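Student: Residues per chain, in single letters:
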Amino acid sequence: MTQALIRKEKLAELVTFLASRQKVVGPVPLSNGQFKFAEVSSLAEMALDYIPTILPPKKYFMPQHETLLKYDVAKGQQMEAVVEVEELTLFGVHTCDLAGIQCLNVVFSDRPKDLHYMIRKNHITLIGLECSDYCDSYANCGMLRNHLPKGGYDLFFSELEDCYMVDISTHKGESLVEESGLFEPVVFEVEKQLQTLRKAKKKIFKSEVPIRYQDIPRLFDETFDSDVWKRLGEKCLSCGNCTNVCPTCYCFDILDEPELDLSKGRRIRVWDSCQHENFAKIAGNESFREERFDRKRHRFNRKFRYPMLRYKRIFCTGCGRCSRTCMAKIDLKETINALMEERG
Amino acid sequence: METIAITHSGYEIKRGRIAEITELTEQEKLYRIVLPNDETLDHDPGQFVEVSLFGVGEAPISICSSPTRRDSFELCVRKAGRFTEALHQLKAGDEVGIRGPFGVGFPVVPLEGNDVLLIAGGLGIAPLRSLINFIIDNRRDFGKVDILLGARDSESMLFGGELAYWDKRIDLNFCCSVDQAAPDWQGNVGLLTGLIPGVTLDPLKTIAVACGPPVMYRYVVDELLKKGIPETHIYLSLERHMKCGLGKCGHCQIHDVYCCQDGPVFNYRWVKKIKGAI
Amino acid sequence: MSRNVSVNVEFLTRVEGHGHIIVDVQNGVLQKAELQIVEAPRFFEALLQGRSIFEAQHITSRICGICACGHSLASIQAAENAIGFSPSEQTIKLRKLLLHMENLDSHILHIYMLAAPDLLGVQSFIGLMKDHAEAVRRALRMKKACNDVCDILVGRHVHPISCVVGGFTKLPDNKQLEAMRKLLLQMREDLVPTVALVAALKFPEFDRETEYVALVSDDNEYPLLSGDIGSSDGVRKVKEEYREITNEFLVPHSSAKHAKLSRDSYAVGALARFNLNADKLHPTAKAVAETLGLSAPCYNPFLNTVAQLVECAHCAEEALQIVEELLAQGVVQSETVIVGVNENRSIPVRAGRGVGAVEVPRGILFHDYEVDEQGIIQQANCVIPTGQNLENIEADMHKLVPEILGKKDEEITLALEMLVRAYDPCISCSTHFLEVDFVGR
Amino acid sequence: MGRPKVAFFDLSCCEGCQLQVANLGEALLDVLGLVDLVEFREVMSESWEGRYDVAFVEGSVVNEESEQRLCEIRQRSNVLVAYGSCATIGGVNGMKNRKLLSDVQSTVYGDKGDWFPVTKTRALHQIVEVDYFIHGCPIHPDEFIKVLKSALAGLPYLVPDYAVCVECKFNENVCMYDKGVTCLGPVTRAGCNSWCVNNGNVCYGCRGMVSNPNQTGAEEVLRSYDLDANLIANKMMMYNAAMEQCDE
Ligand SMILES: Cc1cc2nc3c(=O)[nH]c(=O)nc-3n(C[C@H](O)[C@H](O)[C@H](O)COP(=O)(O)OP(=O)(O)OC[C@H]3O[C@@H](n4cnc5c(N)ncnc54)[C@H](O)[C@@H]3O)c2cc1C
Ligand code: SF4
Ligand code: SF4
Ligand code: SF4
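In order, the protein sequence lines correspond to chains Z, E, P and C. Per my numbering, the first sequence starts with residue 1, numbered consecutively. Per my numbering, the second sequence starts with residue 1, numbered consecutively. Per my numbering, the third sequence starts with residue 1, numbered consecutively. Per my numbering, the fourth sequence starts with residue 1, numbered consecutively.
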């Protein structure tokens with residue numbers, strides 16, 4: 001669509017404007033240089049120079065605990081399917097997380113569609129924010145080509161010298177721009193600045209691992225029996241942190257939560273993880289991924305190979321969260337490097 | 001936070017009424033279930049439903065009746081844990097929730113006009129029974145039909161009366177074997193795989209369908225290949241942990257496929273390519 | 001009058017922990033009056049040896065679920081003294097707040113759930129639900145308020161999480177302080193009918209003068225978290241000399257040790273504190289004392305329950321004041337500590353000995369640790385209030401039984417149970433203490 | 001059908017878990033509306049002669065007397081629930097199992113140690129059959145309610161067999177390892193909603209280990225923090241020592 005720009009000094013006003021319309025969520029600082037997406041009411045509460053939040057924004061699209069049905073068994077198996085939603089503006093989402101949301105979109109709109117996800121998604125306004133440098137040494141968005149915007153937002157902000165260039169990608173975004181009255185038309189000078197930024201990024205975001213995007217799935221195919229997996233298996237504690245923090249992990253469990261009177265209750269879904277031992281266990285106690293290394297390998301393949309076959313895209317955004325969070329120091333880039341080394 | 005009521009979410013259940021319960025063994029019960037308003041489940045043999053009891057949970061269970069019998073459908077459930085034990089507590093007249101049918105069942109179309117070799121181990125007879133009765137009800141559409149059945153012992157053999165009927169029918173070759181024989185057992189003793197060499201068949205005209213515990217498959221496939229049956233003529237039903245049945249929750253994923261939507265029945269040629277599938 | 005009485009209450013109810021009361025009267029002469037402590041010993045002192053001083057709070061908090069915050073505070077004080085760490089003013093303030101909540105919570109539990117049923121002639125608070133439904137609801141609400149404040153402050157009341165050596169691992173923000181303030185204001189309101197309820201109760205008449213021991217200080221604050229050890233017989237010692245106060249000894253019928261000072265026994269707890277420090281109470285508490293007719297010195301152990309209610313008023317007012325001060329000043333979040341077992345070396349450690357002396361609901365509690373230069377515990381000792389009271393309880397029983405011999409057996413039994421309960425004994429606590437050197441002298 | 005008869009008992013413990021029940025506040029009244037509370041020594045003088053539908057037992061077995069009491073309770077109960085770490089895994093009482101019993105006794109009671117005979121600490125299921133486990137030191141009120149509901153519905157309660165980290169991540173806490181201290185979350189079974197970490201402390205493992213912990217992996221991680229071997233062993237065994245002996 002079109003573009004606009006907003007002066008930096010107007011940004012605070014914009015956030016206040018957004019917050020006056022509906023709940024706004026943005027990156028806020030925690031201790032130890034970490035961040036999370038949380039409700040804000042002003043620009044001052046946010047840290048726009050953040051590195052990937054502990055949990056990705058997926059928690060707004062498919063919450064940790066989510067009600068699917070409400071039931072009442074007082075007279076047989078009665079129920080009502082429900083979605084719990086709220087209008088939400090997500091502010092300052094990096095390109096890697098936008099890519100993560102796009103991955104989830106693909107999965108949940110694949111037939112049979114997931115209405116809970118689809119409905120919630122339609123209540124969320126997404127405002128992206130461009131990074132000009134790697135967040136930290138764990139990030140590997142360059143390798144996955146997610147350092148540049150590839151859609152998936154309503155508005156997208158790129159920080160330039162004294163303004164933000166704003167890409168307007170949807171009708172929803174356009175009306176925000178109009179209603180706020182805080183944006184200006186784009187001028188040539190600013191367009192040039194954006195070009196300079198993108199050119200500079202080309203130099204900065206070199207692939208951290210010497211492999212081309214299209215060659216990645218084959219690497220995993222060829223190293224299925226690699227010893228690298230065995231070594232990861234010895235280190236991995238199966239805590240599931242890597243899957244919970246991953247923007248494209250979406251596995252879940254379904255549970256019933258009865259109320260105290262036992263007749264009414266809710267059926268909910270809760271994030272689950274393929275790293276847990278019982279995840280793939282069937283009656284008779286047979287488990288198809290009993291060994292830690294096997295589960296580790298499954299996870300990597302579910303990022304880099306299987307989704308390529310099914311959805312024609314890699315399900316790693318390069319956000320680096322899994323490596324950042326792992327206390328056993330299992331590192332995604334190191335793992336890919338090790339696989340490449342072993343394959344020779 | 002606003003709560004919106006929705007329909008067609010995929011998670012809603014139909015309220016199935018248990019019309020009849022038959023105790024097959026100490027571990028297994030057969031449930032005949034009727035849907036409201038004379039609705040037909042309209043399934044394919046080999047498909048499954050998610051059975052649900054609010055407050056307890058859900059479990060995938062194969063439909064073991066043939067789609068040709070349309071007024072109700074049957075499920076054979078083994079007591080395996082929390083959910084299935086709760087199900088075993090129910091009485092006729094009680095309600096269960098039903099979602100589905102789900103998945104890709106047995107290859108009915110390719111089977112038509114061909115000879116059929118059906119191999120069931122243990123509880124694997126449940127889904128195969130659907131296919132067997134379907135074949136019986138459309139008998140002339142199929143060639144020669146062999147049924148091989150294996151069980152731990154005669155006690156755990158399911159559908160005893162029906163087996164005898166199949167055995168009696170001249171248009172079916174029925175053969176069974178037990179791992180451990182009681183003193184009064186007259187039939188074959190030994191692993192199910194031991195029955196395969198004895199079957200006379202035209203390998204290029206035969207399509208084999210197997211359903212049973214995962215350990216069984218490797219041996220069964222070996223025997224079938226020895227018989228000269230082409231890989232593409234072999235179908236296996238794979239059991240995986242399943243939750244949603246909608247190809248989302250990830251539990252049943254094998255490589256890029258979801259067992260619940262793309263399976264549970266797969267062609268062996270595909271299975272062979274996938275490490276760890278069997 | 002020569003009669004025989006044999007009281008044998010097995011597993012005394014509505015007290016914390018396991019004890020029996022044994023009384024034997026032959027021909028009108030008291031032969032035996034014992035509070036047998038049959039709680040199996042849990043050996044906390046031994047468990048602490050060889051562990052990091054940074055784990056002491058977590059472990060000793062598990063001595064007792066009811067006074068878990070008190071144990072934590074005494075443990076932390078001892079540990080910080082041992083390694084030479086001085087807490088910040090904000091930390092001390094928050095610790096005082098925690099101690100007030102602990103005393104409030106425990107006293108409310110005792111007044112409503114453990115003591116009131118006796119005085120109202122029912123077997124338990126379940127019995128109260130019929131005729132005193134509003135009181136039960138109020139009691140639960142007041143307890144819940146204490147818990148909620150503790151949840152905000154330290155994560156939970158039973159085995160607090162965030163108060164550790166060095167300070168707090170989590171500090172309340174303004175929103176949370178506001179929530180605490182609201183809860184405490186409600187508490188203040190609920191205390192009014194509570195006082196009315198207790199004012200209407202009739203407590204047994206009984207007096208026995210004894211020695212009372214509690215923290216004392218020279219300033220104007222009602223001493224709970226700091227001070228010297230003082231007694232109504234004029235003894236005053238610094239806390240490091242607590243052993244010269246407690247003089248513990250073992251008796252065969254109790255896995256808890258007994259204690260004595262100037263006389264054969266002494267008492268600690270709300271009544272002891274009141275007797276020694278009544279003039280330092282918050283004005284509201286003084287007014288409550290007046291309403292309830294309690295004045296220092298009071299020698300009726302049954303009135304310990306009344307002293308507890310007076311303290312409730314004090315603690316609630318002081319807690320509210322602390323919260324309001326913090327709201328006005330703002331909590332300095334940067335004081336949050338991350339300690340673990342100090343693997344990040346955030347707190348300097350040195351060898352040494354430290355003693356913690358804290359006034360917890362049932363009286364003065366001592367923790368005493370000796371650590372090496374790595375901060376590993378070499379010796380540990382805990383002296384629990386109930387243990388200090390045991391000898392005094394038995395002395396009370398010796399005086400009480402002859403006075404009520406004219407009554408029916410059930411009445412005697414009930415009177416004895418009530419006496420023991422009035423001390424609000426915490427038996428699980430009392431079965432862990434002391435070292436070899438004090439035994440059997 | 002009358003309401004189920006429910007009783008609470010305690011063996012060797014701090015009684016903090018009963019307090020957690022008493023502390024349910026007004027929710028306690030809802031619970032009391034569903035069950036018939038017949039025995040609860042800490043807050044009631046009533047006692048009951050008949051069978052218990054559900055008996056909640058807190059505390060560990062540390063001497064012959066408590067073993068006997070436990071067996072009696074088991075005999076009189078249709079359903080037995082072990083609640084609190086002391087009961088479910090031995091808990092802090094188990095620490096003494098790693099020391100010589102006689103040393104432990106004399107440390108506390110000097111030459112009078114044998115006045116109070118004790119045995120090694122054991123969890124309830126090491127002696128009698130246990131139908132439900134509510135882990136934790138103390139128990140989490142939500143889980144207590146969950147188990148109560150399961151028991152009343154006659155359904156098994158499945159204790160989560162994944163790590164505390166899972167809930168910790170759901171709660172979006174900054175990981176303790178990132179803060180430079182070590183945490184037992186990765187090997188401890190979840191269910192407490194990462195209570196300790198939510199409050200800025202580390203997990204001490206009070207719920208016991210997941211059924212198949214990567215213990216060597218975990219020790220490796222702890223070692224990288226320059227802790228001496230004793231401290232690491234102490235850390236892992238604060239709650240789990242009684243279970244160690246059961247594996248022997
Ligand atoms: C496609 C398919 C068809 C099936 N058909 C039948 C059938 O016709 N009759 C029958 O009796 N059983 C059938 N099963 C198996 C049945 O789903 C499980 O026995 C049942 O889910 C166990 O649930 P539970 O709550 O009783 O067990 P739990 O108490 O949850 O666990 C007991 C055991 O069952 C395993 N288990 C739990 N959930 C599942 C699950 N969703 N899928 C597989 N295993 C699980 C556990 O890992 C454990 O080993 C089928 C399974 C699949 C995948
Ligand atoms: S696999 Fe790791 S780097 Fe890739 S998207 Fe997931 S968390 Fe981010
Ligand atoms: S803080 Fe502890 S429980 Fe939380 S993620 Fe880190 S290791 Fe796991
Ligand atoms: S975080 Fe760990 S120590 Fe704390 S309650 Fe949970 S399991 Fe227990």
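Since the hints were made in silico from the structure, they are not lab data. A hint or two may mislead.
[Stated by the list, open to error] In the BS3-like style, the derived pairs of lysine-lysine whose C-alpha atoms are separated by at most 27 Å in a straight line are:
| no. | chain 1 | residue 1 | chain 2 | residue 2 |
| --- | --- | --- | --- | --- |
| 1 | C | K99 | Z | K264 |
| 2 | E | K91 | E | K14 |
| 3 | E | K272 | Z | K264 |
| 4 | Z | K203 | Z | K150 |
Computed from a predicted model, the values in this text were never measured in an experiment.
Student: Hints first: check each against the structure and report whether it holds.
Tutor: Status of the hints after comparison with the structure:
1. C:K99 to Z:K264: Since the Cα atoms of K99 (chain C) and K264 (chain Z) sit roughly 50 Å apart, the hinted pair is violated (cutoff 27 Å).
2. E:K91 to E:K14: holds, 18 Å
3. E:K272 to Z:K264: violated, 47 Å
4. Z:K203 to Z:K150: Distance of about 19 Å is within 27 Å: holds.
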